[in-house]
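K.L.:
So the protein sequences, as listed, match chains A and C. Counting in our numbering, the first sequence runs from 1 upward without gaps. Counting in our numbering, the second sequence runs from 1 upward without gaps.
Please keep in mind that the hints were generated in silico from the structure rather than gathered at the bench. The beta carbon of each residue, even a glycine, is placed where N, CA and C say it ideally should be.
Quick list of the computed label-pair ranges, beta carbon to beta carbon: (1) A:C13 with C:K69: 47 to 57 Å; (2) C:S269 with A:G112: 27 to 37 Å; (3) C:L188 with A:V228: 16 to 26 Å; (4) A:G130 with C:G114: 39 to 49 Å.
Straight-line distance between alpha carbons at most 20 Å, and here's what the computed SDA-like set of lysine to any residue pairs gives: (5) A:K148 with C:M242; (6) C:K70 with C:F89; (7) A:K191 with C:K53.
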Amino acid sequence: MNVSLSSKVLHWCKTLIHSRRFSKSWMGKSLSMIQLMELDACTHCAMCTSHCSVAIAFEGIPNINILPSEKVGSIKALASGSPLTEQEIRELQEGVYLCTNCYRCTVVCPVGINLQNLWIKVRELLLHRGVPELSVLSPLSYYRGLMKGETVAGDYEEPLTQAREAISAQCGLMKKKDEVLHLIPVDEKFKGGLDLSAQAKNFSVCFGCQTCTTVCPVVGHYENPQEVLGLLPHQIMHAAGLGLRDLALGSNMLWDCLTCYQCQEQCPRGVSVTDVLYELKNLAVRYTKEKR
Amino acid sequence: MMKFALFLGCQIPIRLKQYETSSRLVSERLGLELIDIEEFNCCGYPLRNIDFKTFLLASARNLALAETKKLNVMTLCQCCYGALKKADFLLKENLSLRKEVNAVLQQEGIPYEGKIEVKHLLSVLDQEVGVEAIRKRIEKPFQGLKIAAHYGCHALRPSQIVRVDDPGNPSIFERLVNVTGAESIDWLMRLECCGAPLLGSHDELSTEMTLKKLNNGRESGANYLCTACTYCQIQFDTVQQMILSQQGSNSPLPSLLYPQLLGLSMGISPEPLGLKMNKIPIREIGS
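Just chain A, same shape as in the assembly (with noise of 0.2 Å):
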């Protein structure tokens, strides 16, 4: 009994000792140590990947960072001061936010590493370094919603915000008010694009009755809708039938979007105007994604 507890204390001690290595690098630097150890004892026998929720989106999305048991892997580059390049981190932040954050990682580990919890930590670095997050304007955030105040170290606001304007600055049609829009030639590639989930062409029959706008909950929030919104529903329909890529993505509209449906629900024409709005919201994160 005793010689297995001090051959115990003697292994925490050398993996503490171990792990001490990793204080230099501002990863390393920014976890506590119990993390720190965590990462060390790790096998990578990748149990957390095979049980992670979201592990079959690296079918659609090709970053290895979803993978939990992957992460661990570019985390523990990060911490032991490993220059990874800025590809390799964006990749790794994309990664550590695309997760429901359903602790079945947690639960399957058979080493005890409180894998969410490391991935909470590193979500909040990463994205404090300022470097926008697509995916934060989507339903993911709804764990970093629930956990504001509790688990959320510096500015809440920010990576939405930058999010937002990383969008928007991709958009420049939007800001010039003034502008004379040009319908000729048509944004072909723009156009030809909008048939992602073969249930958003339609928008093209719109005939601007505005059914859409008035029956949308979020636009019936705001005394100005457009100061706080953007272009409205039916508009948004409007802009994606003349192909004005700018004005079909530039507006708060779409990430304000609650996805009840109303709009869709309601349209004389038929329009699935809520199937539009998400098509939309897939481009922008893909034109914004290349741009970089």
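Use these hints to put chain C onto chain A, whose structure you have.
P.N.:
Quick look at chain C alone, frame taken from chain A:
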């Protein structure tokens, strides 16, 4: 015995365990057999803002897993329901999309053929079990209890896809509330969104939506709000408590999950229904 694969999603096991336990308890009494599929992953809902194909893939994998076991799926969360229904609709209708998705699922040997159905707890109870069968199981009907049934968006819309009830004038939830002996009240905002989808990305807007509904429910005379969705319940319970503690206000409209309400009326005690796990206490009926 009716059999379903139970789809819990990511939030229930860690943040709303009482939805699972209460649903299992009432299902058992009503002769529903719920099968667990451990390999289920995220329904895809939170990924839809970012990348459609990734959403579809995540959703489709769940459908395929249930299909290999020849089981229809029952969800508790309406956002999971909306996502799985959407994916199921597209994969049944659009063969080229199905082919593309199956090229990935084939790596695991589970292509989706579109042979199963996705149902939500409410429609299983109303259509498969039936209100009359439920009525026979009510042992302790409520008296004088006023409930505001909160539908949740994705049970109703888009109606072409989710097909639970008439999207403009639904009655399924009121029917299920009334069978417990409680009185479902009429309230103006019953079909509106709870605000949850924007929590974390636009908190102010999200919580104002939540408060509007709560105020409307209270003004309409409800003793409690009743939900049948993970996000709606977290929003009306956990988030309502957060808002109230910030405002220093102490007049909540507590919310309980439908299987908790049903379970109590069936004579199941509050403890196993997880009533104590609700953040805002359910005092009068839960003790």
